[in-house]
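There are 2 protein chains.
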Amino acid sequence: MKKIPRYFQIARWIREKIDKGEWVIGSKIPTQREIAEQFGVNRSTVVTAIEMVKSEGLLEGKTGSGIYVVNNQWSLISAISPPDWNDFTKWSLQPASEHTVQMINELENRKDLIQFSKGELGPEMFPHAEITEAMGKVTLQLQEFGYGDGLGELGLRTEISRHLQRIGVNIAPESILIVSGALHALKLITTGILKRGSTVFLESPSYLHSINLFPAEMAIREIPVAEEGLNIKELFQQKFTKNSSILFLNPTFQNPTSTSMTLEQRKILLDKCQYYQLPIIEDDIFRDLWLDAPPPAPLKALDKNGQVLYVGSFSKTIAAGLRIGWLAGPEAVVKRLSDVRMQTDYGSSYLSQVLVKELLASGMYEKHLQKVRCRLREKRDELLRLLSLHLSDVATWSTPSGGFFIWVVFKKKMNMQKLFKQCLAENVVINPGFIYNDRHSTLRLSFAYATFEEMEAGILTIKSSLSNQI
Amino acid sequence: MKKIPRYFQIARWIREKIDKGEWVIGSKIPTQREIAEQFGVNRSTVVTAIEMVKSEGLLEGKTGSGIYVVNNQWSLISAISPPDWNDFTKWSLQPASEHTVQMINELENRKDLIQFSKGELGPEMFPHAEITEAMGKVTLQLQEFGYGDGLGELGLRTEISRHLQRIGVNIAPESILIVSGALHALKLITTGILKRGSTVFLESPSYLHSINLFPAEMAIREIPVAEEGLNIKELFQQKFTKNSSILFLNPTFQNPTSTSMTLEQRKILLDKCQYYQLPIIEDDIFRDLWLDAPPPAPLKALDKNGQVLYVGSFSKTIAAGLRIGWLAGPEAVVKRLSDVRMQTDYGSSYLSQVLVKELLASGMYEKHLQKVRCRLREKRDELLRLLSLHLSDVATWSTPSGGFFIWVVFKKKMNMQKLFKQCLAENVVINPGFIYNDRHSTLRLSFAYATFEEMEAGILTIKSSLSNQI
Chain R
2 MKKIPRYFQI ARWIREKIDK GEWVIGSKIP TQREIAEQFG VNRSTVVTAI
52 EMVKSEGLLE GKTGSGIYVV NNQWSLISAI SPPDWNDFTK WSLQPASEHT
102 VQMINELENR KDLIQFSKGE LGPEMFPHAE ITEAMGKVTL QLQEFGYGDG
152 LGELGLRTEI SRHLQRIGVN IAPESILIVS GALHALKLIT TGILKRGSTV
202 FLESPSYLHS INLFPAEMAI REIPVAEEGL NIKELFQQKF TKNSSILFLN
252 PTFQNPTSTS MTLEQRKILL DKCQYYQLPI IEDDIFRDLW LDAPPPAPLK
302 ALDKNGQVLY VGSFSKTIAA GLRIGWLAGP EAVVKRLSDV RMQTDYGSSY
352 LSQVLVKELL ASGMYEKHLQ KVRCRLREKR DELLRLLSLH LSDVATWSTP
402 SGGFFIWVVF KKKMNMQKLF KQCLAENVVI NPGFIYNDRH STLRLSFAYA
452 TFEEMEAGIL TIKSSLSNQI
Chain C
2 MKKIPRYFQI ARWIREKIDK GEWVIGSKIP TQREIAEQFG VNRSTVVTAI
52 EMVKSEGLLE GKTGSGIYVV NNQWSLISAI SPPDWNDFTK WSLQPASEHT
102 VQMINELENR KDLIQFSKGE LGPEMFPHAE ITEAMGKVTL QLQEFGYGDG
152 LGELGLRTEI SRHLQRIGVN IAPESILIVS GALHALKLIT TGILKRGSTV
202 FLESPSYLHS INLFPAEMAI REIPVAEEGL NIKELFQQKF TKNSSILFLN
252 PTFQNPTSTS MTLEQRKILL DKCQYYQLPI IEDDIFRDLW LDAPPPAPLK
302 ALDKNGQVLY VGSFSKTIAA GLRIGWLAGP EAVVKRLSDV RMQTDYGSSY
352 LSQVLVKELL ASGMYEKHLQ KVRCRLREKR DELLRLLSLH LSDVATWSTP
402 SGGFFIWVVF KKKMNMQKLF KQCLAENVVI NPGFIYNDRH STLRLSFAYA
452 TFEEMEAGIL TIKSSLSNQI
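Residue numbers (this note's numbering), protein chains in the order written: chain R, 2 to 471; chain C, 2 to 471.
Treat the hints with care, since some could be wrong.
Distance windows between CB atoms, simulated [stated by the list, open to error]:
id : chain 1 : residue 1 : chain 2 : residue 2 : range
1  : R       : E107      : C       : K55       : 57 to 65 angstroms
2  : R       : A458      : C       : R163      : 49 to 57 angstroms
3  : C       : F40       : R       : Y276      : 35 to 43 angstroms
4  : C       : R44       : R       : G169      : 51 to 59 angstroms
5  : R       : Q166      : C       : E125      : 35 to 43 angstroms
6  : R       : G364      : C       : E35       : 31 to 39 angstroms
7  : R       : Q166      : C       : G137      : 33 to 41 angstroms
8  : R       : Q418      : C       : M104      : 51 to 59 angstroms
9  : R       : A220      : C       : Q142      : 47 to 55 angstroms
10 : C       : E52       : R       : G364      : 24 to 32 angstroms
11 : C       : I5        : R       : T397      : 56 to 64 angstroms
12 : R       : A217      : C       : M104      : 49 to 57 angstroms
Treat the hints as calculated values from the structure; they're not laboratory data. Don't be surprised by glycine CBs; every beta carbon is placed ideally from N, CA and C.
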């Protein structure tokens with residue numbers, strides 16, 4: 002092998018990729034830089050290799066847009082449809098954000114960056130001891146498991162029912178559906194309940210604008226969020242079509258603004274929604290992460306008429322990789338969504354389900370939450386301190402009383418796209434408000450993931466990037 | 002509590018269900034018999050309770066179709082759409098089967114029935130020791146885990162890549178997507194690749210007819226399956242629309258017929274599909290469960306042009322509750338489906354993924370398979386013996402060389418709906434061929450789940466039920 006030149010080895014690797022059908026016609030091959038990094042060679046070596054494969058007719062370069070596979074008459078892609086990513090990933094209403102969101106999703110997996118973006122607990126809050134102990138217990142009690150019932154493991158549903166009881170929500174286990182995270186619950190609702198042509202009322206800004214949740218046939222109406230959460234007055238100036246309007250709401254530590262509705266506002270909203278027959282999807286995934294005092298009761302706790310579908314998750318509080326969340330509501334609706342669910346993936350992992358059950362039943366979840374709250378409070382306070390120190394001239398923010406995020410509003414209009422790129426060039430990932438359909442110059446900064454040192458370096462980077470714009 | 006009469010307690014329970022919004026307007030309450038069983042009372046007590054709640058205006062009876070909730074002006078269901086289950090669960094093309102499939106799905110969870118239906122390994126084949134050992138190792142090595150990358154855990158993808166290598170499929174880990182079972186992979190393909198208005202070619206009979214996989218906009222064309230699998234000649238008499246036709250195929254131990262295509266037939270099919278640019282979804286979930294000799298190579302092993310998307314799973318070989326399967330194919334298609342997937346549930350359970358990785362890497366999976374094959378062979382042979390002894394006058398069948406099922410063909414036309422019901426009355430669950438869109442009098446009998454004693458009792462029940470029809 003030693004005597005074969007590197008460019009020759011790389012050319013062979015490219016040919017194999019095409020030959021095995023892994024790189025199909027019409028697809029773009031990795032950039033010269035990426036290949037050079039992978040093989041640990043100079044770009045010139047990669048250029049030689051690519052020229053060699055080009056001369057065989059397998060590749061073709063398009064100026065300014067990379068090298069494409071062009072051989073191979075019967076490729077799969079040509080038989081179905083070309084992978085037009087721009088058409089496919091209709092991320093949001095604002096074209097500018099599409100690319101940014103995709104980019105952020107990929108950047109969040111990189112360990113070498115300062116993550117103000119990541120909506121996850123930092124590694125220091127991972128409940129290693131608790132999970133190890135629970136895994137041990139689960140393993141000892143392990144019984145054979147196959148396809149479960151449609152709603153999910155009964156023991157877990159019973160524990161979630163008890164957990165909800167503590168926050169005033171009375172829901173029997175048979176009205177709870179275990180899902181693979183909150184996004185999965187929301188997706189089931191959009192595909193399983195909403196009709197084509199439905200009108201969806203959404204907060205603005207909202208993290209839901211940054212994900213591809215609603216089919217194009219649904220009309221999205223944005224309702225602004227202010228200090229006290231959703232602007233109820235503006236919501237009820239809208240027209241509702243009976244049986245085809247629905248409200249998606251994240252009333253507690255809203256993502257991205259971190260605002261919460263007061264109890265009073267919740268009552269008014271629920272009353273009005275009942276009057277107008279507007280059903281509510283209550284997304285309450287940050288509730289357990291209050292930092293100063295427990296938040297007001299969920300809408301679901303006030304709901305006597307089955308007006309609210311309630312969605313929760315353990316992704317933010319334990320670990321996203323468990324893929325365990327829930328959906329609770331009227332038995333008939335839950336049953337219906339369970340059927341939809343069984344037609345797509347036959348349920349959530351049994352192991353994840355019994356692990357979470359054990360964490361809840363043993364009280365380890367509650368103890369873990371107490372530790373997490375302490376640590377998150379420290380991290381929030383540190384980020385607030387850094388913001389005051391370095392950015393108080395140019396921006397304002399509120400102190401979030403729970404969740405992961407500080408919502409930074411710049412006093413003057415800034416070029417947020419440019420700020421995003423400049424920070425990234427310095428290895429800092431920030432989420433500009435426009436990906437949540439915010440029209441102002443805003444930033445969502447997560448204090449959950451980065452270390453104190455990273456926070457300081459990150460804020461200084463934002464500051465120096467801004468200095469170009471002021 | 003003792004002095005409160007039972008009917009009063011039941012009435013209170015009903016009121017609570019309605020009050021909490023668990024039973025919403027328009028929904029049917031459980032039958033009198035079900036409620037009586039739940040409370041351990043006579044039906045007359047339930048009737049009294051229901052009359053009481055009816056008199057309060059909360060319930061109303063419709064003759065012949067049960068008791069419905071009628072109160073409660075602002076229920077969720079009235080605001081969205083009434084739970085019309087018949088409209089919602091469009092299980093198959095044959096109206097008769099809808100109800101039967103739903104019924105079978107529910108019956109499969111009951112432990113008191115003889116299960117000729119269940120497509121799962123019996124509890125005696127559950128790899129208890131192997132999973133316990135692997136769980137121990139996984140727990141020791143556990144690192145913090147969050148949202149994973151879009152394709153799934155790299156270690157697992159690497160092990161699957163090695164596993165596929167052994168059956169002649171060369172696929173790099175970056176061309177493998179981890180999914181939550183084979184159905185999930187098929188669902189991703191139908192939603193992520195197929196256009197509305199696509200034509201889908203399916204085997205007939207096929208288990209895919211019994212699940213609600215394809216949106217109504219897609220045209221389904223059925224191609225018959227015979228001794229040597231798919232009727233290739235008939236397939237290529239069809240018209241194909243370029244870029245919007247696709248073939249779904251289960252060429253090895255096909256469900257429900259258990260037939261396998263020969264290597265020769267596979268080559269011919271692949272050549273022709275390449276010529277006509279017809280892409281293939283190869284569903285190969287039973288491959289590892291060969292009983293007599295390893296089956297012919299998968300189409301994917303013969304595919305040099307990225308014509309085939311290859312789907313596999315550990316649901317049939319280890320345990321369905323893991324929810325781990327894979328999809329392998331051209332890198333661009335896999336990437337695309339990974340994006341679709343990340344927009345619905347953010348990946349599969351990390352715990353399930355690392356557990357399966359450990360089972361594969363340690364060689365425990367392969368050892369487990371050897372034990373499973375021995376046991377399945379015994380069970381197949383026993384069911385064949387019982388069939389020969391009791392049903393050879395009225396039916397024929399072939400010896401399956403792998404998988405779970407014996408496909409029984411009756412010599413004369415039988416009323417299969419009636420047979421299904423009569424067997425069920427005797428606590429035996431069978432799958433009549435019509436749920437797979439088979440027009441003949443056929444049965445799919447699983448030998449994987451029932452014990453020897455249950456098999457004997459079950460076959461005798463089928464025999465005696467048939468005697469009414471002969």
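Outcome of the hint check:
no. : hint                                  : in the structure
1   : E107/R <-> K55/C: 57 to 65 angstroms  : 59 angstroms, holds
2   : A458/R <-> R163/C: 49 to 57 angstroms : 41 angstroms, violated
3   : F40/C <-> Y276/R: 35 to 43 angstroms  : 37 angstroms, holds
4   : R44/C <-> G169/R: 51 to 59 angstroms  : 36 angstroms, violated
5   : Q166/R <-> E125/C: 35 to 43 angstroms : 39 angstroms, holds
6   : G364/R <-> E35/C: 31 to 39 angstroms  : 35 angstroms, holds
7   : Q166/R <-> G137/C: 33 to 41 angstroms : 35 angstroms, holds
8   : Q418/R <-> M104/C: 51 to 59 angstroms : 56 angstroms, holds
9   : A220/R <-> Q142/C: 47 to 55 angstroms : 49 angstroms, holds
10  : E52/C <-> G364/R: 24 to 32 angstroms  : 45 angstroms, violated
11  : I5/C <-> T397/R: 56 to 64 angstroms   : 60 angstroms, holds
12  : A217/R <-> M104/C: 49 to 57 angstroms : 36 angstroms, violated
Violated hints for the displayed structure, listed by number in ascending order: 2, 4, 10 and 12.
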